[in-house]
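A.B. asks: One letter stands for each residue in the lines below.
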Amino acid sequence: MDYVIETESLSKIYISGEIEVNALKSVDLKIKKGEFIAIAGPSGSGKTTFLNLISGLDSINSGIARLAGKDISLMTKKELSDFRRDHIGFIFQAYNLIPVLTAAENIEYIMLLQNISPARRRERTLKVLQDVDLSGKENRFPSQLSGGQQQRVAIARAIVSNPDIILADEPTANLDSETGSSLLDLMHTLNRKRGITFVFATHDPKIMDKSDRLIIFKDGKVDSDIIKNDRAQNLKNESN
Amino acid sequence: MLILRMARRNILRQKRRTLLTALMISGGFLLFSLSLGISEGTYGSIIEMFTRMHTGDIQIHKSGYLQRSSLYKTINNADDLKIALKKMEFIKSFAPRVYSSALSFAGAKTSGAIIMGLDPDMEAVSTSLALQVKTGNFLPFEPSKKVILGKGLADILKVKLNDEISLIGQGADGSIANENFHIIGIMGENGSSFGQRHCFMHIKDAQDFLSLGPKIHELAIVLNNHKGARKRAKDIKLALNDKSIDIDPWQVIEKDFYNAMRADRKGANISNFIIMVIVLIGVLNTILMSILERTREFGVMKAIGASPSDIFKLIMTEVILLGLVSIVIGIIGAFAINYYLSIHGIPVTPIAYGGIKFTQMISSIEAKVIYQPTYVFLIAIVLTGLYPALRAANILPIKALGDR
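From first to last, the protein sequence lines are chains E and H. Number 143 in the working numbering belongs to position 143 of the first sequence; there are no gaps in the numbering. Just add 1000 to wherever you are in the second sequence, counting from 1, and you've got the working numbering.
For reference, chain E alone in the conformation it holds in the complex (with noise of 0.2 Å):
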């Protein structure tokens, strides 16, 4: 069974001044296609680091990151670049639109960045406007959003491409808990029905309950990795 990632002593030191911060030490992680996982942890254990390095936002120190098979040390700036349109989808905890581009021209844009013909992107970023709950309000403009609608944006945008993983840095940390569990519910559906797998860095206990496998970093290490119901552990012993 192919792992969606995999990292092989997976280092990252950055170097302030005369001090080198070890901010990743030696991961091993290995991650399924559909799994629903929470990466956990104190502030400056890792978390974002670790989904910096195995999305190519940042270069590997030492070790091995393989993303979708891919060992993404060895790619180019624009192989990586093409890499994260294809395969990867983000969601940051500031929403990140592009600001003069209205909701349906922001799930658009990563359309037109893989060459999809204008037809094929309106009827694909409508269908995902609709999968996010914001039918009809595909011409407003990021600024007259709220957050929720604004991380929903952010969402479709992700799923639009079909990526073989979405990467959340803590997508619910700017949202009331009532609209960041709406979005969780929305997004565990996503998982669910349409088998995309989440990879969340987060301090939010809702997304840690929700999630199918806990890993929580601590000084740059995994310091334990839970399994926490059925179908991660049926994921995992299809993997072995």
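Among the hints, erroneous ones may be present.
30 Å max Cα-Cα, derived DSS-like pairs, lysine-lysine [what the hints assert, rightly or not]:
no.: 1; chain 1: E; residue 1: K77; chain 2: H; residue 2: K1313
no.: 2; chain 1: H; residue 1: K1015; chain 2: E; residue 2: K137
no.: 3; chain 1: E; residue 1: K78; chain 2: H; residue 2: K1313
no.: 4; chain 1: E; residue 1: K137; chain 2: E; residue 2: K25
no.: 5; chain 1: H; residue 1: K1015; chain 2: E; residue 2: K127
no.: 6; chain 1: E; residue 1: K30; chain 2: H; residue 2: K1399
no.: 7; chain 1: E; residue 1: K78; chain 2: H; residue 2: K1015
no.: 8; chain 1: E; residue 1: K77; chain 2: H; residue 2: K1399
Calculated Cβ distances over 10 Å to all of chain E for the following chain H residues [unchecked claim]:
no.: 9; residue: F1194
no.: 10; residue: E1254
no.: 11; residue: G1305
no.: 12; residue: Y1340
no.: 13; residue: T1349
What the hints contain is simulated information worked out from the structure, not anything from laboratory work. The beta carbon of each residue, even a glycine, is placed where N, CA and C say it ideally should be.
Please build the complex by placing chain H on the supplied structure of chain E, with the hints as guidance.
C.D. replies: Below, chain H without anything else, positioned relative to chain E:
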């Protein structure tokens, strides 16, 4: 289309800054075009005056005549040359001339004079010399021992219309040339025009007076289009293939004027370059500020899969769009003002140059004054955009995403 929409909205994000930048580009374009239009228009009219007044676009002389003129340096096969020139389609007309110096007398007054023998028939279709006669008439078509004096010479000799003057000079056959002439016209005004010390007469009278026979010193050629003088001079040279004659365009004949014009144009080019640099610094500053403000956005775009070339294309689209809109505004303004100045001109203190007095600078609305600034500005704006675009394209997403 989405990229174009994105670029347009990005440009309009900071409306006031965009407006100022567009005004800067349009203003720079306008100044460039005006400077070019006035230079082309003013010099064009001076060149037209020079060439149509007496110089012609091209002149043919005996080899070495322009460097050191002499009564004896004559074109001896003038009739053959005229036949050959008549066959050249790009030649509108030509006029033969003879020159010499002589001593002029009127009563007790004497003065040196420049004899210029003209063919009134040919001059009428080639130059506007006849229009320079302010008092009296131009020369009759037949030789009749009648002369027109330059105003300067007439004043020295204290003569008026219908008076007689005597000329004494050297004949080409070694004899003493000596003849009386009847004054039928005074040419030009004090200190303003060509021919102040000239004594114009029919070419036959001049040839008889100087014992030249059918020989001439000069053939002034007028082209259908005076702009191709250099090339046409070469064409004529090639066609005639006569090493005994020199064929020169007006740029060589009026060398001092031509060099002064070139120096002035270089000065104008330097001014235009400075205007351009100021405009481009403004444009560069605007784009760099815009990129700095959008660092995080570029980080997001790269994170979700935009390649450096996608970012580069977006920035360049914005730069070119802003440049094009500003240039179109510049073109409209430049066309309107150049058109106005081509009709009304800018009055200046009268300046006499090379025997020509000009009183206003006029502009030209020829295509060059629009297309030259257009492509210069467009290329310069595109080049200015390259650095910020490359900078944005190479933003590291991890750093950009950390930028607030």
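A.B. asks: Taking the hints in turn, state whether each one holds.
C.D. replies: Verification of the hints:
Straight-line distance between C-alpha atoms of K77 of chain E and K1313 of chain H comes to about 17 Å, which keeps the hinted pair within the 30 Å bound. For the hint linking K1015 of chain H to K137 of chain E, the alpha-carbon distance of about 26 Å falls within 30 Å, and the restraint holds. Distance check on the hinted pair: K78 of chain E and K1313 of chain H sit about 15 Å apart at the alpha-carbon level, within 30 Å; holds. The suggested pairing of K137 of chain E with K25 of chain E is violated, with an alpha-carbon distance near 44 Å, which exceeds 30 Å.
Restraint check: the Cα-Cα separation between K1015 of chain H and K127 of chain E comes to about 35 Å, which exceeds 30 Å; the hinted pair is violated. About 27 Å separates the Cα atoms of K30 of chain E and K1399 of chain H, which keeps this hinted pair within 30 Å; it holds. Among the hinted pairs, K78 of chain E with K1015 of chain H is inconsistent with the structure: their alpha-carbon atoms are about 34 Å apart, more than 30 Å. For the hint pairing K77 of chain E with K1399 of chain H, the CA-to-CA distance comes to about 15 Å; that is within 30 Å, so the pair holds.
Against the 10 Å criterion, F1194 of chain H stays outside the reach of chain E, whose nearest CB is about 65 Å from its own CB. Distance check on E1254 of chain H: its Cβ is at least 59 Å (rounded) from any Cβ of chain E, clearing the 10 Å threshold; non-interface status holds. Not every CB of chain E lies more than 10 Å from the CB of G1305 of chain H, the least distance being 2 Å, so the non-interface label is violated. For Y1340 of chain H, the condition that its CB be more than 10 Å from all CB atoms of chain E holds, with the nearest at approximately 40 Å.
Against chain E, the non-interface label of T1349 of chain H holds: every CB pair exceeds 10 Å, the least being about 55 Å.
Checked against the numbered hints given earlier, the structure breaks hints 4, 5, 7, 11 and satisfies all the rest.
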